[in-house]
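Each protein sequence line maps, in turn, to chains G and R. Those letters in the first sequence? Residues 460 to 855, per my numbering, in order. Those letters in the second sequence? Residues 737 to 956, per my numbering, in order.
Incorrect hints may have been included.
The calculated lysine-lysine pairs, modelled on DSSO-like cross-linking and capped at a C-alpha distance of 30 Å, are [what the hints assert, rightly or not]:
| hint | chain 1 | residue 1 | chain 2 | residue 2 |
| --- | --- | --- | --- | --- |
| 1 | G | 662 | G | 550 |
| 2 | R | 850 | G | 463 |
| 3 | G | 550 | G | 592 |
| 4 | R | 853 | G | 766 |
| 5 | R | 765 | G | 463 |
| 6 | G | 550 | G | 579 |
| 7 | G | 766 | R | 765 |
| 8 | G | 523 | G | 567 |
| 9 | R | 852 | G | 766 |
| 10 | G | 567 | G | 632 |
| 11 | R | 874 | R | 853 |
| 12 | G | 625 | R | 765 |
| 13 | G | 523 | G | 579 |
| 14 | G | 691 | G | 523 |
| 15 | G | 463 | G | 579 |
| 16 | G | 817 | G | 766 |
| 17 | R | 850 | R | 874 |
| 18 | R | 874 | G | 766 |
| 19 | G | 631 | G | 662 |
| 20 | R | 925 | G | 463 |
| 21 | G | 567 | G | 625 |
| 22 | R | 925 | R | 853 |
| 23 | G | 641 | G | 619 |
| 24 | R | 947 | G | 619 |
| 25 | G | 625 | G | 641 |
One side only, chain R facing chain G, incomplete, derived with CB under 10 Å [said to hold, decoys possible]:
| hint | residue |
| --- | --- |
| 26 | 739 |
| 27 | 807 |
| 28 | 808 |
| 29 | 825 |
| 30 | 830 |
| 31 | 838 |
| 32 | 851 |
| 33 | 872 |
| 34 | 879 |
Distance ranges between label pairs, derived from CB positions [as the list claims (entries may be wrong)]:
| hint | chain 1 | residue 1 | chain 2 | residue 2 | range |
| --- | --- | --- | --- | --- | --- |
| 35 | R | 809 | G | 817 | 24 to 32 Å |
| 36 | G | 795 | R | 860 | 47 to 55 Å |
| 37 | R | 803 | G | 751 | 27 to 35 Å |
| 38 | R | 927 | G | 841 | 36 to 44 Å |
| 39 | R | 851 | G | 726 | 49 to 57 Å |
Calculated from the structure, these hints are not laboratory results. Given the structure is predicted, the values throughout are model-derived calculations rather than measurements. All residues carry an ideal CB built from backbone N, CA and C; glycine is no exception.
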Amino acid sequence: MRDKFLMAYRSIRERRTRSILTVLGIAVGIAAIVALMSVGYGMEEAITSELTVYADVIAVFPGKITGPRYVELGGFTDRDVRDVQRIGGIKSIATMTYDAAEVEYRNKRVPIFIIGGDTKELGSFYLEPVGLKEGRWLRENDYKACVIGYRVANEFFSEKVHVNDKLVINGKKFIVVGIFEKGSMLYANDVDPHIFLTLRATKEVLQTHEIKHILVRVYNIEEAEAIAGEIKERINANHGLDDFATAMTMGSVIDQIGTVFTIIRGVLVGIAAIALVVASTGIMNTMLMSVMERTHEIGVMKAIGAKDSDILSLFLLESSMVSLVGGAVGCGFGVIVAEVISFCASTALGIEMTAVVKPAVLFGGIAVAMVVGVLSGLYPARNASMMSPVEAVRYE
Amino acid sequence: MIRTEHLTKVYRMGEADVYALREVNLEIKDGEFIAILGPSGSGKSTLLNMIGCLDTPTSGSVFIDGIDTASLNENERAEMRREKIGFIFQQFNLIHTLNALENVALPMFFAGVKRKKRLERAEELLVNVGLGDRMYHKPSELSGGEQQRVAIARALSNDPEIIIGDEPTGNVDTETGRAIMDILEGLNKEGRTIIVVTHNAEVAARAGIRKRMRDGRVLD
Ligand SMILES: Nc1ncnc2c1ncn2[C@@H]1O[C@H](COP(=O)(O)OP(=O)(O)OP(=O)(O)O)[C@@H](O)[C@H]1O
Ligand SMILES: [Mg+2]
Numbered sequence: 460m461r462d463k464f465l466m467a468y469r470s471i472r473e474r475r476t477r478s479i480l481t482v483l484g485i486a487v488g489i490a491a492i493v494a495l496m497s498v499g500y501g502m503e504e505a506i507t508s509e510l511t512v513y514a515d516v517i518a519v520f521p522g523k524i525t526g527p528r529y530v531e532l533g534g535f536t537d538r539d540v541r542d543v544q545r546i547g548g549i550k551s552i553a554t555m556t557y558d559a560a561e562v563e564y565r566n567k568r569v570p571i572f573i574i575g576g577d578t579k580e581l582g583s584f585y586l587e588p589v590g591l592k593e594g595r596w597l598r599e600n601d602y603k604a605c606v607i608g609y610r611v612a613n614e615f616f617s618e619k620v621h622v623n624d625k626l627v628i629n630g631k632k633f634i635v636v637g638i639f640e641k642g643s644m645l646y647a648n649d650v651d652p653h654i655f656l657t658l659r660a661t662k663e664v665l666q667t668h669e670i671k672h673i674l675v676r677v678y679n680i681e682e683a684e685a686i687a688g689e690i691k692e693r694i695n696a697n698h699g700l701d702d703f704a705t706a707m708t709m710g711s712v713i714d715q716i717g718t719v720f721t722i723i724r725g726v727l728v729g730i731a732a733i734a735l736v737v738a739s740t741g742i743m744n745t746m747l748m749s750v751m752e753r754t755h756e757i758g759v760m761k762a763i764g765a766k767d768s769d770i771l772s773l774f775l776l777e778s779s780m781v782s783l784v785g786g787a788v789g790c791g792f793g794v795i796v797a798e799v800i801s802f803c804a805s806t807a808l809g810i811e812m813t814a815v816v817k818p819a820v821l822f823g824g825i826a827v828a829m830v831v832g833v834l835s836g837l838y839p840a841r842n843a844s845m846m847s848p849v850e851a852v853r854y855e
Numbered sequence: 737m738i739r740t741e742h743l744t745k746v747y748r749m750g751e752a753d754v755y756a757l758r759e760v761n762l763e764i765k766d767g768e769f770i771a772i773l774g775p776s777g778s779g780k781s782t783l784l785n786m787i788g789c790l791d792t793p794t795s796g797s798v799f800i801d802g803i804d805t806a807s808l809n810e811n812e813r814a815e816m817r818r819e820k821i822g823f824i825f826q827q828f829n830l831i832h833t834l835n836a837l838e839n840v841a842l843p844m845f846f847a848g849v850k851r852k853k854r855l856e857r858a859e860e861l862l863v864n865v866g867l868g869d870r871m872y873h874k875p876s877e878l879s880g881g882e883q884q885r886v887a888i889a890r891a892l893s894n895d896p897e898i899i900i901g902d903e904p905t906g907n908v909d910t911e912t913g914r915a916i917m918d919i920l921e922g923l924n925k926e927g928r929t930i931i932v933v934t935h936n937a938e939v940a941a942r943a944g945i946r947k948r949m950r951d952g953r954v955l956d
């Protein structure tokens, strides 16, 4: 047995160029599978992890979402907030007011959405996940200060807005004390195009006492649906309407996105299947070629007394060694490619994303290399060994 | 002893049948040195391939030591080639990835001889054909004559009774051809049966028996 290993090893080493090409042919196919799967899993993980940060949140709006349309039905009152506070299982409540306002900077006026609320509560919902690029967060007594989103600072005005610059919001002057980082995925729309003020400043600027948005955090995610139902019921009762409030758990959003995931995963499986077919054809081709060009050698071995089983076991060993190395190299390449793709995707799309390399994918890759490699190596070896020695020797 | 009975080989070429051998009846006794001559296409190689168990007849039989080789299965035929017959080709047909020593040891590898033992014997065989200083050369680093001597050493690897050479001197110069015939003669003196095909009258002259072939038949 050791002799056979040595023999197979010699044969691989002596045919260095051919062996390297065969290994590469196998590696490329396996790399494609591993890279695709790892990027796919990475994408999935990136989105779910971003969502689970939000999983304990219930968003409450005064209005109704029907399909893509949102109909706003006024605002919440302080009584609504007190009633919600009395529901058990709630960890924290943030009340917010928002509306569009006219904002002026260096003689350019743009309508921008203003969001105001308790600074601590706003902080826990927006500051923690997104973070500041410059400056500091709002303090409770910052009546003349604002923190602006990334796009407000960089895109909305003809010139960039910096910390300590002044903005005029609905005729009142505010000093910019902080600028948000670019929000990733979920937060991009929530933070980037907005200006954040203290609750008191917002009420003044927007001339309103209405509360437009209540964000509730619950202790136990499993109770979220039930609590959301109760919130809705109480607020609806206060206003004497059936559909005054919408209370949406992030869990239900995640569920919706979950169905998107089954689709994404289906697509991934499809791509993997294609990669598998491409890889297999490539492996088969290189293996067939490398064994077929040795038909003459097989003939000579038979002529000097090798049995068919001798030849098959030699080629079985050889092709499994080559396939194993090809599979392993392919896994390595695949991981590198997946990392590179993930890195490019995260910088290009502004998503936090790393490739997720599952051991099962690596084992699967090597298994595919072995099975396809060995079978497609054995097939021509078997054909050649079944020829008469004369025929095989004559084969060029 | 080798005996052929009504040995016939027919190749189908599309519609036409090519008779490479027609009812060949030939007897070669143990220890004989026989040269087979004949024009190109007369069936010499085909006959050697049948005797050497490299190919199967269309009809008729080849008996080696009383065994009908056509009745053997593939494994038994392989064993026959491995143990009883040493085949030397015109094109040498060494394995180009193996060095001289490993080429000579290869038939013993298939016979399951231990590594140490087969390398020792291979070395001895190479020394006997005058290649003691070329053992670690690859075939591509050897001259034609040297390659043919490696091939002879390989043919002797499992100590066969019969040595078959299909134009063993066909690809080497006259001088080297003589050296190769010297070796074959020596092997014949050891008691081995030697069968060679040749186009060369000088080579044929050194064989004890000469047979002529024409159109797939052995002439008397
Ligand atoms: N594989 C084959 N397929 C078809 N015809 C073949 C095959 N092998 C040999 N033949 C034919 O059989 C006949 C005998 O061929 P063979 O090789 O035995 O001749 P030979 O006497 O060895 O000739 P040479 O001296 O040229 O080597 C020839 O007519 C040849 O064309
Ligand atoms: Mg011939």
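Proposed proximity, residue 853(R) with residue 874(R) (alpha carbon, max 30 Å) = Satisfied, since the Cα-Cα distance of roughly 21 Å is no more than 30 Å.
inquiry  = Between the alpha carbons of residue 874(R) and residue 766(G), is the straight-line distance 30 Å or under?
reply    = holds, 25 Å
inquiry  = Need the status of pair residue 523(G), residue 567(G): alpha-carbon distance at most 30 Å?
reply    = violated, 35 Å
task = Against chain G, run the beta carbon of residue 807(R) and see if the smallest gap drops under 10 Å.
result = violated, 16 Å
message = Using the nearest Cβ pair, does residue 739(R) come within less than 10 Å of chain G?
response = violated, 21 Å
ask   = Is the shortest C-beta separation between residue 825(R) and chain G less than 10 Å?
value = holds, 7 Å
Holds or violated: residue 852(R) to residue 766(G), with C-alpha atoms at most 30 Å apart = Distance of about 22 Å is within 30 Å: holds.
message = So if I understand the rule, the pair passes when the alpha-carbon distance is 30 Å or less; does residue 631(G) with residue 662(G) pass?
response = holds, 12 Å
query = Can the restraint linking residue 765(R) and residue 463(G) be considered satisfied, given a maximum Cα separation of 30 Å?
reply = violated, 38 Å
task = Sort out whether residue 463(G) lies within 30 Å of residue 850(R), counting only the CA atoms.
result = Holds, at roughly 12 Å.
message = For residue 662(G) and residue 550(G), compute the direct alpha-carbon distance and say whether it is at most 30 Å.
response = holds, 25 Å
query = Range hint 24 to 32 Å: satisfied by the CB atoms of residue 809(R) and residue 817(G)?
reply = violated, 49 Å
Hint check: violations occur at hints 5, 8, 12, 15, 16, 20, 24, 26, 27, 28, 33, 34, 35; the rest are consistent with the structure.
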